[in-house]
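Model the full structure from these sequences, guided by the hints.
Top to bottom, those sequences are chains A and B. Under this note's numbering, the residues of the first sequence are numbered 1 to 344, in order. Under this note's numbering, the residues of the second sequence are numbered 345 to 837, in order.
Careful: at least some of the hints might be erroneous.
[Stated by the list, open to error] Derived pair list, reagent style DSSO-like, types lysine-lysine, alpha-carbon separation capped at 30 Å: (1) B:769 x B:748; (2) B:748 x A:249; (3) B:469 x B:393; (4) A:101 x B:393; (5) A:249 x A:202; (6) A:140 x A:249; (7) A:202 x B:528; (8) B:556 x A:256; (9) B:556 x B:511; (10) A:280 x A:126; (11) A:116 x B:393; (12) B:393 x A:256; (13) A:220 x A:249; (14) B:511 x A:202; (15) B:549 x B:511; (16) A:101 x A:256; (17) B:469 x B:715; (18) A:105 x A:126; (19) B:715 x A:249; (20) B:748 x B:730; (21) B:715 x A:280; (22) B:528 x B:556; (23) B:511 x B:441; (24) B:528 x B:441; (25) A:202 x B:748; (26) B:441 x B:526; (27) B:393 x B:441.
[What the hints assert, rightly or not] Below, a sample of chain A positions facing chain B; criterion: calculated Cβ distance under 7 Å: (28) 113; (29) 125; (30) 333.
Since the hints were made in silico from the structure, they are not lab data. No experiment lies behind these values; they were computed from the predicted model shown. C-beta atoms are modelled at their ideal positions from N, C-alpha and C, and glycine is treated no differently.
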Amino acid sequence: MFWRKKDKAADVAVEEQVVQEPEVQVEKVVEQLPIVEPTVVEAAPQELVKVELPKRNLTKGFKAVFSRIKFDVENLEELQDILIQADFGVSAAEEIVAEVKVRAKKSGSRTEAELKEILTDLLTEKMTRSDVSLNLDSGKQPYVILVVGVNGAGKTTTIGKLANYLVEGGAKVTLGAADTFRAAAVEQLETWATRSNSSIVKPVSEGQDPAAVAYEAVEKAIANGSDVLIIDTAGRLQNKQGLMDELGKIRRVIEKNLPISEVLLVLDSTTGQNAMTQAKAFTEVAAVTGIALTKLDGSAKGGIVYAIQDQLNIPVKLVGVGEGINDFGFFDAKEFAIGLVGEK
Amino acid sequence: MFGNLSERLVETFKGLRAKGKLSAADIDATLREIRRALLEADVSLEVVKTFIAAVRERALGDEVSKALNPAQQVVQIVQEELVVILGGEARRIQFAKNPPTVIMLAGLQGSGKTTLAGKLAKWLKDQGQTPLLVACDLQRPNAVNQLQVIGERVGVPVFAPEVGNGKGNPVSVAKDSIKHAKQKQFSVVIVDTAGRLGIDEELMKQANDIRKATDPDEVLFVIDSMIGQDAVNVARAFEDGVGITGVVLTKLDGDARGGAALSVAQVTGKPILFSSTGEGMDAFEPFYPDRMASRILDMGDILTLIEQAQKSFDEQEASAMAEKMAKDAFTLEDFLDQMQQLRKMGSLKSMLSMMPGAGKLKGQLDNIDEKEIDHTEAIIRAMTPKERRDPKILNGSRRLRIAKGSGMTVTDVNSLVNRFEQAAKMMKVMAKGGNPGIPGMPQGMGAMPRPQVKKEKGKKKAKSGNPAKRAAEISGIKPAQQGNSGSSFGLGG
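Set out below in structure tokens:
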């Protein structure tokens, strides 16, 4: 759901709300998206209209880790190994196992099924957050979503899917192609703009200053009355100071005209412990507000997000599960936990 | 939070170095640390277990207890076992007896195949081959387009009969490309394929079909050095599904500790042939298992560095430069040339990180801003030739004009001129037989290999016989440039 100003397209929005309802996916019965109703909206100066976005549930993504190994309360070391193999990291794995031990002792649980239940509950508890929906409710439109990440994480694909999702939900979306570095990155985003029926703001010349493109994208998005502006940036490794500074500049330039609603860090779920370093570095320069975890349709488990949420207090918001335009969903801690632990 | 694997091991070995003799308990404690460090470096758990077992067996054996310095011995064992897993001796590309040699690239989405295809093509071209790039990634939007742009950048033709974006058959493109290459007499064909998941059977079959259609001499598995525990699964899937002959490790210029290199080499038993280390099309080098192991153990990678320096420094330019330095005719134009020479060696950071002990200097290395060089270049380019030759004529209004012309401030111009004057002074000292150390480099890293300059120097004049005097001269210059954390010629303050 997102909120838009009433004076703009109230009627359309109401219509779309009706149109959108039937499109709600019902492949699987899963709980509602944990969306927090924005309470400030009533008090906002201009009247806002709520626009429902279609529901998204994952039909694939989180894979069980316990296919081979059996464990019980006697050999919880095995559990630690399993968590390490799911990229949770040594410290987090140790911490989780210790907590499982404590809880098992308290409840007198011994069997594998009981322990799995404890683990599922523990993971769900630790990873559930109230701030997992996209920040599209301030009423200050267009909402700006800045997308950042290392090379090859899946930024452009994520933007394509997200844009399509928002457009389907009745939003007018503009994409800003501020990846002026990689060969054909602009064209790649353009293809996604066409697929998703979004507008696109491109650099006027090859290798143009990405901040200039971002600035122009903001101006265009305001002028064409967009609800959401999504800005793509070039992939950059977090230890390259110059490129990270450039990101800071892009951010500042956007904020001259509009507040940034969301800074999405795109993380490849196959990434190991370096994902933590990435999250830290990008948060430092770009104030990341959410994580998009991509490529979960592979064999990677993405356990590092547990530590990232825990240590850096950044919520995982989106999950990517393939190259198709509909291959994504919103992160749900319980789904993640059940998926990882498997059948009880 | 934690530094490189090198740093972790150095930390671990500190405890060992302190002791003269090792007990079994010492060894186990050390191995626990190594295990943890390896896991935090993303080496796969099963590979870690094998590794630790092998090291323990040797460490507990006679060779350690009898050794003069047992701690050194454990380091040696860890190093040797790392080399064993990383693939022993370095291997080069296998060329076909009858051209064209076909090289097929395969890997996960986003591992860097297309960029690598460009780098590989350029590398082969520099070696006198005539490569052809083939666009078989018809999946990802504009991947074909990307390869065409890259081909243009490195000056290598691209075979791209299909526009891609989900249309066209990659197997027939691959097949046709071989015919095309034979007809036009290309010596190497590099086939870029779409990124695919190990568990996607359909796409793995397609990759296998491309393999059958092209009968490649090398199937290179391209893998992101940041990958985590899943590396073993992915590597196995590609080994079983397509069959690989070698591995290429990408994004090694990041700060990932690259444990995947160990995992993949161990699981597939295939050698790592190349590593990719940056954004530029030159950021590509053969992979040397022994050097990588040394790097992991923080022993630096001097050999690679020397090779790069040799490739980049033009002998003639270097001798002309030495002459100028001696005559005190060193100008801003030369200064600019020098910077560009240095740049040819690749990113400053990737060079410096190859130096021994660089692990400890990581923080400082991260502060080197390559943009500073751009800024300096911009300022010099905004000067008139006369000004470049004689910076003394730079008065206030000239400086203002230069600042405006280069988009910098007058302060920036002033500080460049100051730095240049200091550099020129230092050059003179060096050319006259002073210490070739480059000021501004962190302590202990001053002796950056610059073989040609050194040789020139030998020809020009005998070294000053007074080391104390020399040291005084050098140290007189150094303090002013201390803050520049590693940039050459005192740039970047």
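Structure-based check of all given hints:
For the suggested pair residue 769 (chain B) and residue 748 (chain B), the alpha carbons sit about 28 Å apart, so the restraint of at most 30 Å is met. For the hint pairing residue 748 (chain B) with residue 249 (chain A), the CA-to-CA distance comes to about 21 Å; that is within 30 Å, so the pair holds. A threshold of 30 Å between alpha carbons decides the hint, and for residue 469 (chain B) with residue 393 (chain B) the separation of about 42 Å lies outside it, so the pair is violated. Taken as a hint, the residue 101 (chain A) and residue 393 (chain B) pair is honoured in the structure, with Cα atoms around 24 Å apart against an allowance of 30 Å.
Proximity of residue 249 (chain A) to residue 202 (chain A) is assessed by CA-CA distance (about 18 Å); at most 30 Å being required, the pair is judged to hold. About 22 Å separates the Cα atoms of residue 140 (chain A) and residue 249 (chain A), which keeps this hinted pair within 30 Å; it holds. Using a Cα cut-off of 30 Å, the hinted pair residue 202 (chain A) and residue 528 (chain B) is violated, with the two alpha carbons roughly 37 Å apart. Taking the CA atoms of residue 556 (chain B) and residue 256 (chain A), the gap is about 56 Å. The hint is violated against a cut of 30 Å.
The hinted pair formed by residue 556 (chain B) and residue 511 (chain B) meets the criterion: a straight-line CA distance of about 21 Å does not exceed 30 Å. Between the alpha carbons of residue 280 (chain A) and residue 126 (chain A) the distance comes to roughly 20 Å, so the proposed pair stays at or under 30 Å and holds. Of the supplied pair hints, the one linking residue 116 (chain A) and residue 393 (chain B) holds, its CA atoms being roughly 25 Å apart against a limit of 30 Å. Restraint check for residue 393 (chain B) and residue 256 (chain A): not satisfied, since their Cα atoms lie roughly 53 Å apart, outside the 30 Å limit.
Proposed proximity of residue 220 (chain A) and residue 249 (chain A) is supported: the alpha carbons are some 19 Å apart, at most 30 Å. At roughly 25 Å between alpha-carbon atoms, residue 511 (chain B) and residue 202 (chain A) fall within 30 Å of each other, so this suggested pair holds. Taking the CA atoms of residue 549 (chain B) and residue 511 (chain B), the gap is near 18 Å; set against the 30 Å cutoff, the hint holds. For the given pair, residue 101 (chain A) sits about 52 Å from residue 256 (chain A) by alpha-carbon distance, which is inconsistent with the 30 Å threshold.
This hinted pair checks out: residue 469 (chain B) and residue 715 (chain B) have alpha carbons roughly 29 Å apart, not beyond 30 Å. Note on residue 105 (chain A) and residue 126 (chain A): the hinted pairing holds, with a Cα-Cα distance of about 19 Å set against a maximum of 30 Å. Between residue 715 (chain B) and residue 249 (chain A) the CA atoms are separated by roughly 14 Å; this keeps the pair inside 30 Å, and the hint holds. Among the hinted pairs, residue 748 (chain B) with residue 730 (chain B) is consistent with the structure: their alpha-carbon atoms are about 18 Å apart, no more than 30 Å.
About 23 Å separates the Cα atoms of residue 715 (chain B) and residue 280 (chain A), which keeps this hinted pair within 30 Å; it holds. Simply put, residue 528 (chain B) and residue 556 (chain B) have alpha-carbon atoms about 22 Å apart, close enough for the 30 Å limit, and the pair holds. Restraint check: the Cα-Cα separation between residue 511 (chain B) and residue 441 (chain B) comes to about 34 Å, which exceeds 30 Å; the hinted pair is violated. Distance hint between residue 528 (chain B) and residue 441 (chain B) is fulfilled; the C-alpha atoms sit about 17 Å from each other, no more than 30 Å.
Between residue 202 (chain A) and residue 748 (chain B) the CA atoms are separated by roughly 28 Å; this keeps the pair inside 30 Å, and the hint holds. In summary, the hint linking residue 441 (chain B) to residue 526 (chain B) is supported, as the alpha carbons are separated by about 14 Å, within the 30 Å threshold. This hinted pair does not check out: residue 393 (chain B) and residue 441 (chain B) have alpha carbons roughly 41 Å apart, beyond 30 Å. Contact between residue 113 (chain A) and chain B, as hinted, is not supported at the beta carbon level, the nearest pair being about 25 Å apart and thus beyond 7 Å.
Annotation: interface hint on residue 125 (chain A) violated; nearest CB of chain B at approximately 24 Å, more than 7 Å. A least Cβ separation of about 21 Å between residue 333 (chain A) and chain B goes past the 7 Å threshold, and the interface hint is therefore violated.
Checked against the numbered hints given earlier, this structure breaks hints 3, 7, 8, 12, 16, 23, 27, 28, 29 and 30; the rest are met.
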